[in-house]
Structures are given as structure tokens and as C-alpha cells.
Amino acid sequence: MKQSHNAKELGPRLWRSLRQPLIAVAFGLLVGALVILACGQNPIAVYIEMFNKSFFTPYYLFSTLTRATPIIICAMATGMAWRAGYINIGVEGQMVTGTFVATVCALFIPGPPILAGLLAWIAGMIAGALYALLPAVLTWKFQVSMVITSLMLNYVANYITSYFVTYPLKDTAGDGLALQTPEIHELMRLPRLSTTSTFNAGFLIAVAVMIFMVFITTRTVFGYESKMGGFNPSFARYGGTKQVKVMIITMALSGAIASIAGTAEVFGLKYRYADGMLSSTSYAWTGLMAALIADLNPVGMFFVSIFLSGLQIGGSAIQRSLGIPLEIATIIQCCITLFVSVKLIFKVRQKKPVRDDVKEGGAQA
Amino acid sequence: MKKILALVLALTLAMSLAACGGGNSGGSQPSGGDAQQSQPSGGDQSSGGSELPGAGMKIGLVCDKIGVNPFLTEMVRGLNETAETYGFTPTVVECADTAAFEDNIRALAAEGYDMIIGGGWAAGDGLDKIAKELPDASNYVLIDSEVDNDNVKCISYREQEGAYLIGLLAAYTVDGESHMYGGVHCNESSSSWKWRWGYQAGILSVDPDAQFVFNYTNSYSDPAKAKELALQQFEQGCLFINGAAAAGDSGVYEAAIEKGFYTSGQDIDETNADNPYIVSSQIKDTYYTMKNLIDEFYSGSYSKADSTWGIAEGTIGAVYVTHESPNPRSERLTDEEIDKIRAVAEQIGSGELDFTTFPTEEEFNAGKK
Numbered sequence: 001m002k003q004s005h006n007a008k009e010l011g012p013r014l015w016r017s018l019r020q021p022l023i024a025v026a027f028g029l030l031v032g033a034l035v036i037l038a039c040g041q042n043p044i045a046v047y048i049e050m051f052n053k054s055f056f057t058p059y060y061l062f063s064t065l066t067r068a069t070p071i072i073i074c075a076m077a078t079g080m081a082w083r084a085g086y087i088n089i090g091v092e093g094q095m096v097t098g099t100f101v102a103t104v105c106a107l108f109i110p111g112p113p114i115l116a117g118l119l120a121w122i123a124g125m126i127a128g129a130l131y132a133l134l135p136a137v138l139t140w141k142f143q144v145s146m147v148i149t150s151l152m153l154n155y156v157a158n159y160i161t162s163y164f165v166t167y168p169l170k171d172t173a174g175d176g177l178a179l180q181t182p183e184i185h186e187l188m189r190l191p192r193l194s195t196t197s198t199f200n201a202g203f204l205i206a207v208a209v210m211i212f213m214v215f216i217t218t219r220t221v222f223g224y225e226s227k228m229g230g231f232n233p234s235f236a237r238y239g240g241t242k243q244v245k246v247m248i249i250t251m252a253l254s255g256a257i258a259s260i261a262g263t264a265e266v267f268g269l270k271y272r273y274a275d276g277m278l279s280s281t282s283y284a285w286t287g288l289m290a291a292l293i294a295d296l297n298p299v300g301m302f303f304v305s306i307f308l309s310g311l312q313i314g315g316s317a318i319q320r321s322l323g324i325p326l327e328i329a330t331i332i333q334c335c336i337t338l339f340v341s342v343k344l345i346f347k348v349r350q351k352k353p354v355r356d357d358v359k360e361g362g363a364q365a
Numbered sequence: 001m002k003k004i005l006a007l008v009l010a011l012t013l014a015m016s017l018a019a020c021g022g023g024n025s026g027g028s029q030p031s032g033g034d035a036q037q038s039q040p041s042g043g044d045q046s047s048g049g050s051e052l053p054g055a056g057m058k059i060g061l062v063c064d065k066i067g068v069n070p071f072l073t074e075m076v077r078g079l080n081e082t083a084e085t086y087g088f089t090p091t092v093v094e095c096a097d098t099a100a101f102e103d104n105i106r107a108l109a110a111e112g113y114d115m116i117i118g119g120g121w122a123a124g125d126g127l128d129k130i131a132k133e134l135p136d137a138s139n140y141v142l143i144d145s146e147v148d149n150d151n152v153k154c155i156s157y158r159e160q161e162g163a164y165l166i167g168l169l170a171a172y173t174v175d176g177e178s179h180m181y182g183g184v185h186c187n188e189s190s191s192s193w194k195w196r197w198g199y200q201a202g203i204l205s206v207d208p209d210a211q212f213v214f215n216y217t218n219s220y221s222d223p224a225k226a227k228e229l230a231l232q233q234f235e236q237g238c239l240f241i242n243g244a245a246a247a248g249d250s251g252v253y254e255a256a257i258e259k260g261f262y263t264s265g266q267d268i269d270e271t272n273a274d275n276p277y278i279v280s281s282q283i284k285d286t287y288y289t290m291k292n293l294i295d296e297f298y299s300g301s302y303s304k305a306d307s308t309w310g311i312a313e314g315t316i317g318a319v320y321v322t323h324e325s326p327n328p329r330s331e332r333l334t335d336e337e338i339d340k341i342r343a344v345a346e347q348i349g350s351g352e353l354d355f356t357t358f359p360t361e362e363e364f365n366a367g368k369k
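Respectively, the protein sequence lines represent chains A and B.
The first sequence begins at 1 in our numbering and counts up one residue at a time.
The second sequence begins at 1 in our numbering and counts up one residue at a time.
Any given hint could be a false lead.
Claimed, not checked - Straight-line Cα separation of at most 20 Å, EDC-like style, residue types lysine to aspartate or glutamate; simulated pairs: (1) A/Lys227 to A/Asp171; (2) B/Lys129 to B/Asp97; (3) B/Lys304 to B/Glu133; (4) A/Lys170 to B/Glu362; (5) A/Lys170 to B/Glu188; (6) B/Lys340 to B/Asp354; (7) B/Lys340 to B/Glu324; (8) B/Lys291 to B/Asp114; (9) B/Lys259 to B/Asp354; (10) A/Lys170 to B/Glu146; (11) B/Lys194 to B/Glu363; (12) A/Lys170 to B/Glu361; (13) B/Lys132 to B/Asp150; (14) B/Lys132 to A/Glu183; (15) B/Lys58 to B/Glu235; (16) B/Lys225 to B/Glu235; (17) A/Lys170 to A/Glu183; (18) B/Lys291 to B/Glu81; (19) B/Lys259 to B/Glu177; (20) B/Lys129 to A/Glu186; (21) B/Lys129 to A/Asp171; (22) B/Lys259 to B/Glu235; (23) B/Lys58 to B/Asp136; (24) B/Lys129 to A/Glu183; (25) B/Lys304 to B/Glu146; (26) B/Lys132 to B/Asp148; (27) B/Lys194 to B/Glu361; (28) B/Lys304 to B/Asp150; (29) B/Lys65 to B/Asp97; (30) B/Lys259 to B/Asp274; (31) B/Lys58 to B/Asp97; (32) B/Lys194 to B/Glu313; (33) A/Lys170 to B/Asp148; (34) B/Lys132 to A/Glu186; (35) B/Lys194 to A/Asp171; (36) B/Lys58 to A/Glu49.
Claimed, not checked - A few chain A residues facing chain B, derived, Cβ under 8 Å: (37) Ile122; (38) Gly276; (39) Gln319.
These are computed hints drawn from the structure, not numbers from a lab.
Bear in mind the structure is a predicted one, so any value in this text is a computation, not a measurement.
No residue lacks a Cβ here, since even glycine has one placed at the ideal position from N, Cα and C.
Based on the provided sequences and hints, a complete structural model is requested.
The structure is reproduced here in C-alpha cells:
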């Protein structure tokens with residue numbers, strides 16, 4: 001029944017799903033334009049420069065895609081948990097933990113570098129998954145709000161890794177001022193896909209993660225169960241879903257994916273773990289924005305992440321050439337997210353009467 | 001909630017930065033008088049008719065968020081002023097996060113900048129990488145840090161010399177009223193040891209019974225934490241607390257007024273007629289560094305060799321000793337005491353007192369016990 005519904009109004013449906021993000025983007029750019037005007041510059045010229053130096057010139061496009069890599073994967077990690085109704089905002093902590101473990105393994109596992117590198121990726125994913133299980137277990141056993149625990153665990157992860165990078169694992173080459181580990185072996189590094197920029201195979205990993213995500217959500221029983229759990233927990237329980245199992249697997253997957261985001265950054269771009277490299281860049285939060293804007297749709301998240309990354313790259317370009325503060329790009333981003341959250345409210349309003357009509361067991365809002 | 005908070009913060013930040021940004025571009029505009037005409041024409045020198053050696057050239061400074069951090073504001077001042085002298089186009093790129101350093105340096109290299117200057121250690125890794133990948137794209141300079149790369153000119157400082165003078169000033173200020181000396185610093189890394197070593201060695205040369213307590217803000221811009229740490233050190237009996245927490249020092253000054261202990265600043269002359277407790281300031285003259293660097297660049301004496309600057313070069317010192325101040329000196333410091341410290345400064349400058357090598361933290365602590 002649903003499919004015929006789909007086919008009948010595909011055009012309007014597509015429009016409806018794109019309408020809000022597009023309006024949000026337009027409003028975001030409009031607010032940005034006001035701020036640029038306040039800086040005494042011409043918004044149109046600034047925007048042309050900004051998009052030229054983020055999407056329409058090959059060199060900058062590669063920069064955009066490189067920066068988008070961790071953002072895309074973080075968005076997927078966020079989407080994985082959120083679509084199942086688990087508000088995991090600890091992607092940053094899971095990413096930091098996983099990446100740090102992967103880097104340490106890459107530095108210290110003996111043997112052939114390629115094998116050690118592979119083991120490091122796996123170890124990182126396991127670490128990220130375990131770290132994501134902490135809030136899951138707290139929710140399951142003690143009914144602690146996952147929003148709070150997962151958020152707070154970000155700080156724990158950041159400070160613990162900060163300690164290790166500052167003291168025992170610090171690279172003492174040079175003057176030793178930078179808080180970072182030594183570089184990983186050359187054979188472990190992901191190949192570059194462009195000669196002029198840092199664009200590397202990490203982006204292909206991001207694409208693979210997106211495909212995996214699409215597969216999980218549309219083609220597996222687990223994907224269906226977790227989605228049901230997100231839509232209507234009572235119905236899912238009634239339908240025989242083992243909620244604890246679904247929660248554990250969902251969170252573990254989310255944490256493992258989060259870990260890939262940072263590991264790809266280390267193995268593809270930085271070649272070492274530096275203090276604050278994943279938190280000061282706000283990859284996880286940008287990914288969260290992307291996930292919200294795209295309404296947790298994997299393909300949508302992929303493109304929105306690239307768009308947001310382009311805003312950041314273009315933002316630093318206009319800072320360099322026109323002296324516009326970098327924060328303009330942040331303002332535009334935040335405004336887009338803000339205007340998109342308006343959509344969420346519309347949705348709740350539209351859904352309610354339907355629920356009242358059907359009067360099924362799950363009307364618990 | 002967090003998002004809304006973040007948005008509000010971003011907005012206020014952006015607004016305040018917009019104001020700064022406007023000022024910045026205003027500052028660089030006049031310099032563009034000649035450069036502006038020649039820049040659009042690229043390498044074409046026939047238009048404009050300017051004879052300034054830097055016309056049509058571009059020099060970029062990549063650094064942390066500048067804000068009110070004097071280490072960076074002075075650097076920017078040096079860059080903009082030399083731009084007026086030589087007619088090149090200055091660009092200041094502030095980096096909000098660690099990934100941005102490499103991105104921006106790479107972009108400046110791709111955009112054909114003639115010189116890329118990294119202001120502070122955070123730029124080191126990015127400069128190192130790009131100077132290896134694109135060795136001929138630009139001239140790479142790193143200020144206040146060192147990387148193992150012959151293609152990056154590293155300018156670092158002998159901060160221990162200035163810190164030693166501050167140590168002497170501290171000991172003479174306290175005059176034995178307390179043997180506890182404090183310090184609020186940025187971080188506990190091995191390279192900030194030269195600050196702590198100089199300060200301790202200076203005090204110990206006057207007050208052999210001195211004991212020290214150091215705390216770290218782990219940030220370059222956290223006045224609230226710096227103030228809290230200073231208050232704690234005062235409670236432990238410190239009468240002199242050395243402020244070396246970058247933009248966090250203002251917190252130490254505030255605590256000094258509240259509790260009446262003495263303190264010192266860093267980088268520029270931080271003495272203040274309204275705050276008699278700031279008895280001196282450990283100078284690290286990034287304005288002069290920048291000026292000197294660019295003068296060398298245009299006079300032809302520029303080389304890629306690393307250099308380390310100290311009192312002898314005039315970039316390191318202490319207010320009232322090697323540098324004058326318009327503000328009145330604290331009455332805790334007599335003329336004789338200042339003369340003694342000046343004599344030491346001269347000895348350091350002439351090389352009679354050699355602080356280029358000094359004990360490591362482990363050796364120093366072992367020697368104390």
C-alpha cells in the first residue's frame with residue numbers, strides 16, 4: 001500500500017522533503033548576507049568568492065571533500081543512533097576514543113605495517129563501540145538520560161586523551177611544543193587521490209559507510225526493527241522486538257562508525273593524533289547538524305555534510321581574501337540548522353491529528 | 001539547548017569579530033595605496049608606477065584566533081606596518097581549529113603567496129608538511145617554535161633570559177617577606193620549562209630559600225581559570241605570582257588587586273598606572289621580530305637558517321630593565337635594585353652570563369633536593 005502511495009506522488013514527495021532544507025539554506029544565506037553587510041562588504045560578491053573557493057574550483061573542491069570526510073561519517077554515526085530513537089550526542093567522544101586507540105595501536109603493534117594498520121582500524125572501531133555502550137548500558141540499567149551521559153562522556157574522552165598526548169605519548173621531535181603523538185608508518189597511510197591537495201582515500205571510506213548505512217536501513221531486519229523502535233517504542237515492543245538488543249547493537253554501530261571518522265582523518269590526513277584535532281574542529285557537531293538538516297536520510301546527510309564543509313572552506317577563503325570573519329560561515333550554518341528545526345515542529349503538528357484518528361496503542365505523546 | 005547557546009555565542013563572537021575585522025581591513029587599506037593598484041594586475045609592474053620593493057607581493061600570517069592576545073596582536077601590527085613600508089599585501093588568517101592551519105597554509109601556498117609566516121607552534125606541523133610537499137611554492141617561516149625542516153626558517157626565543165630578569169625583579173619586590181613564589185602558566189610542556197627555569201633561577205640567585213608553586217591554565221585565553229589559580233597560590237603564601245598565561249594574565253592581575261600580591265605580565269609592557277601590583281612584564285617582542293624578519297627579507301640578508309633571539313637581539317627583556325615604560329615603577333623596587341638587575345641583563349646580553357644551555361627539569365629538581 002505504501003509503495004503505490006510512493007509512486008503516485010513521487011514528485012510532490014521529493015519536493016516536500018527538499019522544500020524545508022532549501023528554504024532553510026536560503027534563510028541562512030540571507031542572515032549571513034545581513035552580517036556581511038554589517039561588515040561593510042557586498043554580500044553577493046562575498047558569496048560568489050565563497051562558493052568559487054569551496055565548490056567551483058578543483059583545488060578548493062578537493063579541500064571541501066577532504067574536510068567533509070569526517071563530517072559525513074559523523075553524520076552517519078549520529079543518524080544510526082537517532083533514527084532508532086537513541087539521542088546519542090556523544091559521537092565526538094566515541095570518535096576521539098576510537099581514533100586515539102587506533103593511533104596508539106598503529107604506533108605500537110609490531111609486525112608488517114599494513115597488517116598492523118588494519119588491526120589498528122579494527123581496534124579503534126571496537127573502542128568506539130565500547131565507549132558508545134557506556135551510555136547505552138546506563139540507560140538500560142539505571143534509566144539515566146542518554147542525552148546527558150553521552151554528552152558528558154565527550155569531555156571524559158577529550159581530557160583522558162589529552163593527558164596521554166601531553167605526557168606519556170608525546171612526540172618529542174622538534175621543540176616538543178605541540179601536543180601530539182609521533183607519525184604513523186608511511187605504509188599505513190591512506191593513498192592520496194589528488195596530487196595537488198590532501199584529498200585521500202578516506203573519502204571513499206565515507207562513501208562506503210554511506211552505502212553500508214543505506215543497506216542497513218533499507219534491507220535488513222535490524223534496520224527495520226531499530227526504525228520502528230525510533231518511531232514508536234511501544235509498538236516495537238508489542239511487535240516482539242528485543243529492545244535492549246536493538247539498543248546495544250545500534251549504539252555499538254554508532255560508536256564504531258564514529259571511530260572510523262577520526263581514524264580516517266588520522267590515517268588519511270594528519271598521520272598522527274594531535275590534542276584537540278577532532279574536538280576543536282567540531283566534526284561531530286557539524287555532522288549532527290547535517291543529520292538534522294537531512295532528516296537522518298543517509299544520502300541526504302552525505303550531500304548536506306559536503307555543503308556544510310564547503311561553507312567552512314569557503315568561510316576561511318573569504319577570510320583570507322576579503323577579511324571577512326570566519327564566523328560568518330558558522331552563522332550561516334547555525335541559521336540553516338535553526339530554520340530546519342522549524343520543520344521538525346511542523347512535522348509534529350501534522351502528525352498529531354493522524355495519531356488521534358488511528359488511535360493505536362502507541363499514541364503516547 | 002546547547003545548540004541555542006552555541007548559536008548565541010557564535011553570534012556575539014561574530015559581531016565582536018566583525019568589529020575587529022572591520023578595523024583590520026581598515027588598517028591594511030592605506031598600505032594598499034600602491035599595492036592595491038598593482039595587485040589586480042598581478043605580476044604586471046608597468047601599471048601603478050610604484051617603486052616599493054614589495055609591490056605586487058603577498059605575505060600571509062597564519063595564527064590562532066587573535067583576540068586580545070598581545071603575542072599575536074603585536075605580530076599583526078608588525079606585519080601591517082612593514083606592509084606600508086614595502087608595499088606588499090598583508091593577509092592575516094586566523095585559524096579556529098587545528099585542521100584549519102594546514103588547510104590555510106596550503107591554500108596560501110596555492111594562491112602564490114611570497115612568504116607564509118606561522119605565528120606560534122600550532123602552525124608548525126602544517127608548515128612542516130607543506131614546506132616538504134611544495135618546497136618552492138613560498139618562503140616558510142615559523143615564529144616561536146621549531147620544526148626539523150631545513151626549508152622552514154624557525155625563529156625562536158631565549159625566553160629564559162627574560163624570565164631570569166623577572167625572577168630577580170620578583171625576589172627584590174618581595175624582599176624576603178615570603179619565600180613562596182607562584183606562577184600561572186599556559187601549560188607544563190618541556191619547552192615552557194625555559195620560562196619556569198629562568199624565573200626560578202633568577203629568584204634563587206637572590207633568595208636561596210625560595211619555594212615554588214606552578215599551575216597551568218592549559219589554554220591561551222582563560223582569565224577566569226588563571227584568576228582562580230592565582231587566588232589559590234596566594235592562599236598558599238605566594239606574594240609574587242608570575243603571570244605567563246597569555247591572554248589569561250588579566251585574571252591574575254585582577255586577583256592581584258583583590259588580594260594585594262605582586263605579579264608580572266608577558267610579551268608586551270603590561271604595567272598599568274591603575275594596577276600598582278604589576279611590577280614588570282617579561283618582554284617578548286613579536287612586533288620587532290616581524291619587522292626584523294621582513295626587513296631582512298627585502299634587504300637581501302634573508303636566509304632559511306634558523307635563528308634564536310634573546311636579550312642581545314633586543315627581542316627579549318623586562319620592563320624597567322631593558323625596556324622603558326610610561327607607567328611609574330612600583331615603590332617596592334629601589335634604584336639600586338634596578339641597577340643590579342640591569343647589570344645582570346648586560347652580562348646576559350654580552351654573553352658573560354650564558355643561558356643558552358640550562359639544566360632540564362629533572363636535573364634542576366634533583367639538584368634542589
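These are the hints, each one checked on the structure:
1. A/Lys227 to A/Asp171: 45 Å, violated
2. B/Lys129 to B/Asp97: 17 Å, holds
3. B/Lys304 to B/Glu133: Answer holds: B/Lys304 to B/Glu133 is near 17 Å, not above 20 Å.
4. A/Lys170 to B/Glu362: 17 Å, holds
5. A/Lys170 to B/Glu188: 12 Å, holds
6. B/Lys340 to B/Asp354: 17 Å, holds
7. B/Lys340 to B/Glu324: Within the cut-off at roughly 16 Å; holds.
8. B/Lys291 to B/Asp114: 16 Å, holds
9. B/Lys259 to B/Asp354: 37 Å, violated
10. A/Lys170 to B/Glu146: Distance ~16 Å between A/Lys170 and B/Glu146 Cα, so the pair holds.
11. B/Lys194 to B/Glu363: 13 Å, holds
12. A/Lys170 to B/Glu361: 16 Å, holds
13. B/Lys132 to B/Asp150: 9 Å, holds
14. B/Lys132 to A/Glu183: Status holds; Cα separation ~15 Å.
15. B/Lys58 to B/Glu235: 52 Å, violated
16. B/Lys225 to B/Glu235: 15 Å, holds
17. A/Lys170 to A/Glu183: The hint holds at about 11 Å.
18. B/Lys291 to B/Glu81: 8 Å, holds
19. B/Lys259 to B/Glu177: 15 Å, holds
20. B/Lys129 to A/Glu186: Satisfied, since the Cα-Cα distance of roughly 14 Å is no more than 20 Å.
21. B/Lys129 to A/Asp171: 16 Å, holds
22. B/Lys259 to B/Glu235: 9 Å, holds
23. B/Lys58 to B/Asp136: Status holds; Cα separation ~15 Å.
24. B/Lys129 to A/Glu183: 12 Å, holds
25. B/Lys304 to B/Glu146: Holds. B/Lys304 to B/Glu146 sits at ~13 Å (cutoff 20 Å).
26. B/Lys132 to B/Asp148: OK: B/Lys132 and B/Asp148 at ~11 Å, within 20 Å.
27. B/Lys194 to B/Glu361: 9 Å, holds
28. B/Lys304 to B/Asp150: With Cα atoms ~7 Å apart, B/Lys304 and B/Asp150 stay inside 20 Å; holds.
29. B/Lys65 to B/Asp97: At roughly 9 Å apart (the allowed maximum being 20 Å), B/Asp97 and B/Lys65 satisfy the hint.
30. B/Lys259 to B/Asp274: 15 Å, holds
31. B/Lys58 to B/Asp97: The given pair, whose Cα atoms are some 24 Å apart, is violated under the 20 Å limit.
32. B/Lys194 to B/Glu313: This hinted pair holds, its Cα atoms lying about 18 Å apart.
33. A/Lys170 to B/Asp148: Holds, at roughly 16 Å.
34. B/Lys132 to A/Glu186: Since the Cα atoms of B/Lys132 and A/Glu186 sit roughly 15 Å apart, the hinted pair holds (cutoff 20 Å).
35. B/Lys194 to A/Asp171: Within the cut-off at roughly 18 Å; holds.
36. B/Lys58 to A/Glu49: With a Cα-Cα distance of about 19 Å, the restraint between B/Lys58 and A/Glu49 holds, given a limit of 20 Å.
37. Ile122: Since the shortest Cβ distance to chain B is 25 Å, the answer is violated.
38. Gly276: 6 Å, holds
39. Gln319: This hint holds: A/Gln319 lies near chain B, its Cβ roughly 6 Å from the closest one there, short of 8 Å.
Hints 1, 9, 15, 31, 37 from the list above are not met by this structure, while the remaining hints are.
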